Amino acid sequence: DAKTTQPPSMDCAEGRAANLPCNHSTISGNEYVYWYRQIHSQGPQYIIHGLKNNETNEMASLIITEDRKSSTLILPHATLRDTAVYYCIVRVSGNTPLVFGKGTRLSVIA
Amino acid sequence: NAGVTQTPKFRVLKTGQSMTLLCAQDMNHEYMYWYRQDPGMGLRLIHYSVGEGTTAKGEVPDGYNVSRLKKQNFLLGLESAAPSQTSVYFCASSSPGLNTEAFFGQGTRLTVV
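Just so you know, the sequences run in chain order A and B.
Read in order, the letters of the first sequence are residues 27 to 136 in my numbering.
Read in order, the letters of the second sequence are residues 65 to 177 in my numbering.
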């Protein structure tokens, strides 16, 4: 699975959009990009995933660049409850486990 | 719908003691995983299973054993606990395939003194 690079921390004002970047320059054509988050000490929670097209669900949007070497997770209206560590994971096969890096610690500030 | 349930939630062990952590899922998932998380770190995979009766090693398997005798349960055993195994342990389950999500339990906080 390709390696990902994320900034260690970011701040976002409450009510504003939070844009979390992820670099995966070695991604191959059949690898998916997944995003999970971990609030405080709870178990990680799935957010969204995609292959090459932009994706949106009730939680967030995922924007993948045309060359697929990077992506951005967008939380459109961040709230204090979105304060968490966000993990970007690249995965080539549904038969392989998720491999977590250190993620980005997002702090939403009132 | 309980999802993924881990037992116990907290435990303190003395060095050399043994214990078993239980993970149970009610979603009929084929795959189950055990991770550990140390302070300030991401999750690291210990062992995983792709079906009943099967197990495989992850990134940090030493000092742990696992068993998957029933599809819904995945047990993690520590035969002789060491202080280095002080950590938060997370279990997860998922279906096969790329268009699936993994569901995580709430964790077991283990302290070895």
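Mixed in with the good hints there might be a few duds.
Far from chain B, by Cβ distances over 10 angstroms, these chain A residues were calculated [stated by the list, open to error]:
{"no.": "1", "residue": "G41"}
{"no.": "2", "residue": "S51"}
{"no.": "3", "residue": "S67"}
{"no.": "4", "residue": "Q68"}
{"no.": "5", "residue": "Q71"}
{"no.": "6", "residue": "H75"}
{"no.": "7", "residue": "K95"}
{"no.": "8", "residue": "S119"}
{"no.": "9", "residue": "G120"}
{"no.": "10", "residue": "V125"}
{"no.": "11", "residue": "I135"}
Simulated crosslink set (DSSO-like; lysine-lysine; CA at most 27 angstroms straight-line) [what the hints assert, rightly or not]:
{"no.": "12", "chain 1": "A", "residue 1": "K78", "chain 2": "A", "residue 2": "K95"}
{"no.": "13", "chain 1": "A", "residue 1": "K128", "chain 2": "B", "residue 2": "K73"}
{"no.": "14", "chain 1": "A", "residue 1": "K29", "chain 2": "B", "residue 2": "K121"}
{"no.": "15", "chain 1": "B", "residue 1": "K135", "chain 2": "A", "residue 2": "K128"}
{"no.": "16", "chain 1": "A", "residue 1": "K78", "chain 2": "A", "residue 2": "K29"}
Calculated Cβ distances over 10 angstroms to all of chain A for the following chain B residues [what the hints assert, rightly or not]:
{"no.": "17", "residue": "P72"}
{"no.": "18", "residue": "M105"}
{"no.": "19", "residue": "G106"}
{"no.": "20", "residue": "L139"}
{"no.": "21", "residue": "T164"}
{"no.": "22", "residue": "E165"}
{"no.": "23", "residue": "Q170"}
{"no.": "24", "residue": "V176"}
Quick caveat, the hints were computed from the structure, so don't treat them as lab data.
Just so we're clear, the structure is a prediction, and the values are computed from it rather than from any experiment.
In this text, a Cβ means the ideal position worked out from N, Cα and C, and glycines have one as well.
Each hint tested on the structure:
1. G41: holds (28 angstroms)
2. S51: It holds; A/S51 is separated from chain B by about 20 angstroms at its closest Cβ, greater than 10 angstroms.
3. S67: violated (7 angstroms)
4. Q68: violated (6 angstroms)
5. Q71: violated (7 angstroms)
6. H75: violated (8 angstroms)
7. K95: holds (19 angstroms)
8. S119: violated (7 angstroms)
9. G120: Non-interface label fails for A/G120: nearest chain B Cβ at 4 angstroms, not farther than 10 angstroms.
10. V125: At about 7 angstroms from chain B, A/V125 fails to clear the 10 angstroms cut-off, so the statement is violated.
11. I135: Fine: 21 angstroms to the nearest Cβ keeps A/I135 off the interface.
12. A/K78 to A/K95: Judged against 27 angstroms, a Cα distance of about 10 angstroms means the pair holds.
13. A/K128 to B/K73: holds (24 angstroms)
14. A/K29 to B/K121: Holds, at roughly 20 angstroms.
15. B/K135 to A/K128: Judged against 27 angstroms, a Cα distance of about 31 angstroms means the pair is violated.
16. A/K78 to A/K29: holds (17 angstroms)
17. P72: holds (15 angstroms)
18. M105: violated (7 angstroms)
19. G106: violated (4 angstroms)
20. L139: Since the minimum Cβ distance to chain A is about 17 angstroms, B/L139 lies beyond 10 angstroms and the statement holds.
21. T164: violated (7 angstroms)
22. E165: violated (4 angstroms)
23. Q170: violated (5 angstroms)
24. V176: The assertion about B/V176 holds, with a minimum of 18 angstroms to chain A.
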